[in-house]
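Asker: One letter stands for each residue in the lines below.
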Amino acid sequence: MQSKSSMQRRHFLLASSALTLVPALARAELTVEISGLGNERIPIAITVFGGENVLPKPISDVIRADLERTGLFRLVDAGDQPMADISRPDWASWRTKGADVLLAGSVKRLPDGNAEATFRLYDIVKQAEQKSAVLSFRFELGRNAGHWIADRVYEQLLGVPGVFSTQIAYVQKSGRHYMLQIAEYDGANPVSAFTDDEPIISPAWSPDGKRVAYVSFALKKPVIYVQTIATGNRQVVANFKGSNSAPAWSPDGKRLAIVLTKDGLSQIYLVNLDGGGLRRLMQSSGIDTEPCFSSDGKWLYFTSDRSGGPQIYRVSVDGGEAQRVTYEGSYNVSPHLSPDGKTLAYIGRNGGKFQLTVQDLGSQQTLILTDTVKDEAPTFAPNGRLILYATEVGGRGVLSAVSVDGKIRYKPLQGNGDIREPAWGPLAT
Amino acid sequence: MKIALPMSILLAATLAACSTAPTQEPASVAQPKPAASVPETKVTPAPAPAKAAPVAPKDPFAELKDPKSLLSQRNVFFDYNSYEVKLDFFPVVEAHSKFLKKNTTGKVLIQGNADERGSSEYNLALGQKRAEAVKTTLKLLGVKEDQIEAVSLGKEKPKNPGHDEAAWAENRRADILYKGEY
Numbered sequence: 000m001q002s003k004s005s006m007q008r009r010h011f012l013l014a015s016s017a018l019t020l021v022p023a024l025a026r027a028e029l030t031v032e033i034s035g036l037g038n039e040r041i042p043i044a045i046t047v048f049g050g051e052n053v054l055p056k057p058i059s060d061v062i063r064a065d066l067e068r069t070g071l072f073r074l075v076d077a078g079d080q081p082m083a084d085i086s087r088p089d090w091a092s093w094r095t096k097g098a099d100v101l102l103a104g105s106v107k108r109l110p111d112g113n114a115e116a117t118f119r120l121y122d123i124v125k126q127a128e129q130k131s132a133v134l135s136f137r138f139e140l141g142r143n144a145g146h147w148i149a150d151r152v153y154e155q156l157l158g159v160p161g162v163f164s165t166q167i168a169y170v171q172k173s174g175r176h177y178m179l180q181i182a183e184y185d186g187a188n189p190v191s192a193f194t195d196d197e198p199i200i201s202p203a204w205s206p207d208g209k210r211v212a213y214v215s216f217a218l219k220k221p222v223i224y225v226q227t228i229a230t231g232n233r234q235v236v237a238n239f240k241g242s243n244s245a246p247a248w249s250p251d252g253k254r255l256a257i258v259l260t261k262d263g264l265s266q267i268y269l270v271n272l273d274g275g276g277l278r279r280l281m282q283s284s285g286i287d288t289e290p291c292f293s294s295d296g297k298w299l300y301f302t303s304d305r306s307g308g309p310q311i312y313r314v315s316v317d318g319g320e321a322q323r324v325t326y327e328g329s330y331n332v333s334p335h336l337s338p339d340g341k342t343l344a345y346i347g348r349n350g351g352k353f354q355l356t357v358q359d360l361g362s363q364q365t366l367i368l369t370d371t372v373k374d375e376a377p378t379f380a381p382n383g384r385l386i387l388y389a390t391e392v393g394g395r396g397v398l399s400a401v402s403v404d405g406k407i408r409y410k411p412l413q414g415n416g417d418i419r420e421p422a423w424g425p426l427a428t
Numbered sequence: 000m001k002i003a004l005p006m007s008i009l010l011a012a013t014l015a016a017c018s019t020a021p022t023q024e025p026a027s028v029a030q031p032k033p034a035a036s037v038p039e040t041k042v043t044p045a046p047a048p049a050k051a052a053p054v055a056p057k058d059p060f061a062e063l064k065d066p067k068s069l070l071s072q073r074n075v076f077f078d079y080n081s082y083e084v085k086l087d088f089f090p091v092v093e094a095h096s097k098f099l100k101k102n103t104t105g106k107v108l109i110q111g112n113a114d115e116r117g118s119s120e121y122n123l124a125l126g127q128k129r130a131e132a133v134k135t136t137l138k139l140l141g142v143k144e145d146q147i148e149a150v151s152l153g154k155e156k157p158k159n160p161g162h163d164e165a166a167w168a169e170n171r172r173a174d175i176l177y178k179g180e181y
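Going down the list, the protein sequences come from chains A and B.
All residue numbers for the first sequence refer to numbering that gives the first Met the number 0, where the first residue is 0 and numbers rise by one.
All residue numbers for the second sequence refer to numbering that gives the first Met the number 0, where the first residue is 0 and numbers rise by one.
Chain B extracted, bound-state conformation:
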């Protein structure tokens, strides 16, 4: 079956492959040409035929940075006093589980966070619960244990340094990082 991909998706995939990628493959660097005579040639994809075969990106990990892909979404937010992955975030977690099952060399670090109220160590443990919740969901979806590490930053690295409910809500969060990104 041939799948027609919109031009924008093809373009995004091609550009994504050329942009700074995670260190799975060396990124290709465009060499600057001498300015004088020859006009600089840009890399442009040829216009796609109406029914082109899907072009798989050369670097599978490039998908992780594609803003159009659920894989570029890395944050799972939690309600107050809650340590379960809400339904809203299931599609994101599922997208990452599919990626990890397809790319078995990929590894994720899930960093859990807590809002600022309370002791550093108890909040470290609460943040861990959030990371564990995402890890458990990934495993239930078939990802292997050795591809996932769940850790906590507690309240030590708040995304929002404020002291109100909006800030606290932003900090009750688990982040998915792929090895090579940190």
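Chain A on its own, in the form it takes in the complex:
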């Protein structure tokens, strides 16, 4: 049987060396709540990869955990042995086990000391290979290699990019210390990018994933910094008189939308990364804050209380009249737009409860996605399928996630102290 898919040879390199810094203490990861998931999940068998014991952690374990965590796959028992020949699956046997899809692979050590993984993805029903690839990587990056393979499987089967190779940033407060953490997409292996005894809020990823902007209170007032993750170097981008906060990157990575009070109340400005080219976007009679760019860079969504209470508006980046977007309820804040621009996530206050809500920007229909009462800071996964947010459980700040249709829920991610202010990083470029 000839394989119809192309063999892709690719060298995988870790995008950021930040993951070699000292890891922080939190160990828990986001776990999907399996109860309530329907039978629409794709039954997939993922075999042990031959030779994977050369790696610190078996690559097939990483792939299984990633795919199961989506709530879209049901793992079929593949036994504890690798396939003898990954190019020749026993179709009938896998069919009997209930698998629609089979992922098989192998790992070997290369002469130069690196590792190489091969995988093949099969459609059991059609009895055909769907995808295969070979990738080489440094030994210590075995986990990243697993994420990469899971991404390829997810994309192939769902037609949407996987986010297993993405990172999240969040702020952890433990005792008197605040830490800006950067972790894998599910919260695993966090590393501190910045630590201080004064608060840190509003982390925001650059579009290329190499820098993060944030607000630090180290100077007894809010100041905006941009830090390069790989080197730890950071610069002040905005320390005007008054408060400087809410940084948001333009999609071309050249400018930030920020909130300044230098001219009175909180208003939105645009500024270049070197701190020059400051331009005020609008003049409004109230507070304007929490700017968020659309993916095409043409619109800014933001929170404003110009009508008396906070609601979400949008305005062209060239300025002009702002249009109100939210009309339900008297308090709507923290807008975050889906990558395809069709859905707005925000926090709506309902009878004293602060809850993650989504609004379809076509039909204007809204849906409350949680039953917690202190939700904050929604951030879309870069494939638009999931929303990560902060909330409170048992009096502690935690992160949780939910699918954009509300059907797939997660158990909260906890750490030492309180976790807040999540920001989901971009797809790996």
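If you're looking for bench data, these hints aren't it; they were derived computationally from the structure.
For every residue, glycine included, the Cβ atom is placed at its ideal position computed from N, Cα and C.
The calculated DSBU-like cross-link candidates involving lysine-lysine, where the alpha carbons are at most 35 angstroms apart (straight line), are: (1) A:Lys-240 x B:Lys-101; (2) A:Lys-240 x B:Lys-178; (3) B:Lys-101 x A:Lys-261; (4) B:Lys-64 x A:Lys-240; (5) B:Lys-97 x B:Lys-156; (6) A:Lys-261 x B:Lys-156; (7) B:Lys-156 x A:Lys-253; (8) A:Lys-261 x B:Lys-143; (9) A:Lys-172 x B:Lys-158; (10) B:Lys-138 x A:Lys-261; (11) B:Lys-106 x A:Lys-240; (12) A:Lys-219 x B:Lys-85; (13) A:Lys-172 x A:Lys-219; (14) A:Lys-352 x A:Lys-219; (15) B:Lys-85 x A:Lys-261; (16) A:Lys-240 x B:Lys-67; (17) B:Lys-143 x B:Lys-67; (18) A:Lys-240 x B:Lys-158; (19) B:Lys-64 x A:Lys-261; (20) B:Lys-64 x B:Lys-106; (21) B:Lys-101 x B:Lys-64; (22) A:Lys-240 x A:Lys-253.
So the derived list for chain A, only partly shown, Cβ under 8 angstroms to chain B, looks like this: (23) Ile-200; (24) Lys-219; (25) Thr-288; (26) Pro-309; (27) Val-332.
Position chain B relative to chain A; hints supplied.
Answerer: Chain B in isolation, oriented as in the chain A frame:
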């Protein structure tokens, strides 16, 4: 006109001048004497004559720490959903305005706060409104713009970490800090 000052005020002013002061002037440090022979002498002010002239503290910024002075009061509390300085706090703000007009090298940082309910950034903006309200009042009383910076801590540094109305009331507040104190 000679003004008689009660002993307690004189004493407080003198002691205040010797205690740890803001970094406008180096504080004088009493040197410990050898314990053996000479009894340690304490610094005591001479009894004041009945009608003494007022003794101005050598360090004008020492007044800021004098618990008997309105200047040592630094907090302005706000009602729920309110961003105006209440009448109750006018004397405090007025005292600071007089001080700043007299001591034009003095600079204040006004930090506004908000209670914990709602988003970090929106609460940062609400805290700013409280700081601005105090700043506006100071300016109306004649203090110059370049002596005042209004900033916000939002809900990030609550004075009271509780989750009830009493805690929230304590956190709806603007604080006046003088440069050199932080």
